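Enquirer: Residue strings, one per chain:
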Amino acid sequence: MNYEEILEKLVKNNERIMVMTAENRAAIRNLPGKIGGRFIDTGITEMTLIGMASGLALRGRIPVAHALASFLTMRAFEFARTDVGIANLPVKLVGGFSGILSDGNGPTHQAIEDVSIMRGIPNMKVFCPADEDDMLICLEKVLLSESPYYIRYNNRKPEYKHSEDFEEGKAEIIEIGKDINILTYGALFNEAYNAYKRLKESGYNAGLINMRTLKPIDENIIVDSLTNCRLTVSIEDHFLKGGLYSIIAETALKHNVMGKVIPFAFDEKWFKPALLNDVLVHEKLTPEAISERIINEYFKIKKNNGK
Amino acid sequence: MTKEKHNELKKVAYKVRQHIIHMSTDGGCFIGASLSCVDIIVYLYLSFLNINKNNLKSPDRDYLFLSKGHDVPALYGTLAEIGLLQKSRLKNHLKTNDFIYWHPNTNIPGIEFHSGSLGHLLSVAMGVAYDCKLKKQKNKIVVILGDGELNEGSVWEAFLVAASLKLDNLIVIVDRNKFQANIETEKLNKLEPLSDKLKSFGWSVRKINGHIFTEIDGLFSQLSVHSGKPMFIIADTIRGKGLPSIEERADRWFVNFTKEEVESLLHELKTREMSKLTSETLMVR
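If you're matching them up, the sequences are chains G and H in order.
Oh and the first sequence: position 95 is 95 in this note's numbering, straight run, nothing missing.
Oh and the second sequence: position 99 is 1099 in this note's numbering, straight run, nothing missing.
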């Protein structure tokens, strides 16, 4: 089943589910004719979308509200915080075209601070699937949760067969490395996965972790990596501040552990708008560029440790 | 409306105004905006809305959403008078042992949703209204907006959507006291002609004097909801209504009075003899 087929099934099996959009129908194009009044398009009105979703949730519904990630999380941020967050309502906010998936749109559409601001809302959980399969595996559990959720919609084609076991706050462990551990989430998973394979082919004891939910976060895997692995790498299509790199730092302080961490993220900059593959090349986020930089950093550590 | 009902409404509104005056000390409250909507809120609870102690959780109850949350003393007072909120709790205004503060919250029985940030509850109410219609229920969903609140863009976005969704179980009342925080509405962002604006958005529009119970009743007892259009009611009111020393004063919108001033205002409410007020308006915004 694809994304909208899962939604259609949930709507038909569970009278609480409502599907909403602020006229962003990319992921739910065929639903309007199939679910009648359970589909609401408010037009290009992100504030009204989230306010109405809160009202529906007050009546016991679970609204799944779609809009472009940057407008959903930023234009209507206070509605997410004040209406959904304070009341702790089971509204599901689905942000489309987040991060690098906005490819040629430019900085207006680059939601690369969405994880940072949404995880700052008390009660709000954050789910960032690695690709379409990963999203569909976890979707039902996330949507049926009684918590508010921000979901980074991700329909990138999978290159890895993900584990069917999903639990919020539990990362998907592809492998735990002793030399290098890559921690990642969202749309850069394929690049991280291929970089990990290259590292292994080059003889490194490398690992790869798909975080899945950024809030709650799997603290154990972070502590484990910082403690037992020589180099931890974070890869995310997000600003350096506030995303996974920050979460790793917060977790390290909380558990009083230290380790070498190399971040791949956008540091005080927007990424170059272009088609996705060209963005990856330009921003040095191809598997080749990622693995090359990781190996260079790894050598530096070994050299320093050797002194 | 019967004479008995009219007298009851007047009596309750008087008591609610007394409660508001009592809340205007020891930290103070938004007294002006609270006094302007007292009569409307009292009327709604006593004569229009199907909301009572026994149906607060029922999906068939009516809903009231106070979007301009800073006038909540009027709501606290009314809820206390109709027995939803213990009167003794009003003494806990701004105390940490209770939840009676400057903006509405759901720890108070009868308050459906929190507000305080302007421009939120119209869309929240629309979600409720949509669900009631989808379930073919006949509930009435009432939202009270401030006229200053109409500066917020989210309200106009929601006006557009509510008409498109034909939410005709939705009744919006604007407490048109013609002031926003520090200034008269028409001296800042002109709202008039307000009824034309809403008509052009596809709403049914009515106008009433928001202090004359017979006039309020004349509209609400005849109100035809479920006409295909949401209803927009402009309630013409006076900020500070009931206290001549506060009425229509731009500088008396939030005040923390002394105990002596409170006594004097209670006397003023009864006699309309002007109080001598020295406490200054606090600029909290």
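FYI, nobody ran anything at the bench for these hints, they're computed from the structure.
Predicted, not measured: the structure shown is a model, and the values here were computed from it.
Honestly, I wouldn't trust all of these hints.
Claimed, not checked - Derived DSS-like pairs (lysine-lysine); straight-line CA-CA distance at most 25 Å:
no., chain 1, residue 1, chain 2, residue 2
1, G, 272, G, 260
2, G, 34, H, 1136
3, H, 1259, H, 1087
4, G, 34, H, 1015
5, H, 1133, G, 9
6, H, 1015, H, 1187
7, H, 1166, G, 34
8, G, 9, H, 1136
9, G, 34, H, 1133
10, G, 34, G, 170
11, G, 9, H, 1005
12, G, 12, H, 1087
13, H, 1133, G, 12
14, H, 1015, G, 12
Stated by the list, open to error - Distance windows between CB atoms, simulated:
no., chain 1, residue 1, chain 2, residue 2, range
15, G, 123, H, 1207, 52 to 62 Å
16, G, 147, H, 1166, 49 to 59 Å
17, H, 1014, G, 107, 56 to 66 Å
18, G, 157, H, 1190, 26 to 36 Å
19, G, 147, H, 1014, 25 to 35 Å
20, G, 178, H, 1098, 33 to 43 Å
Unchecked claim - Per the computed footprint, the stretches of chain H lying under chain G, defined by three or more beta-carbons under 8 Å from a beta-carbon of chain G, are:
no., region
21, 1111-1117
22, 1124-1131
23, 1227-1238
The beta-carbon is built from N, C-alpha and C at its ideal position, and this holds for glycine as well.
Enquirer: So, against the hints stated earlier in the document, which numbers end up violated here?
Expert: 1, 4, 6, 10, 11, 12, 14, 15, 16, 18, 19, 20 and 23
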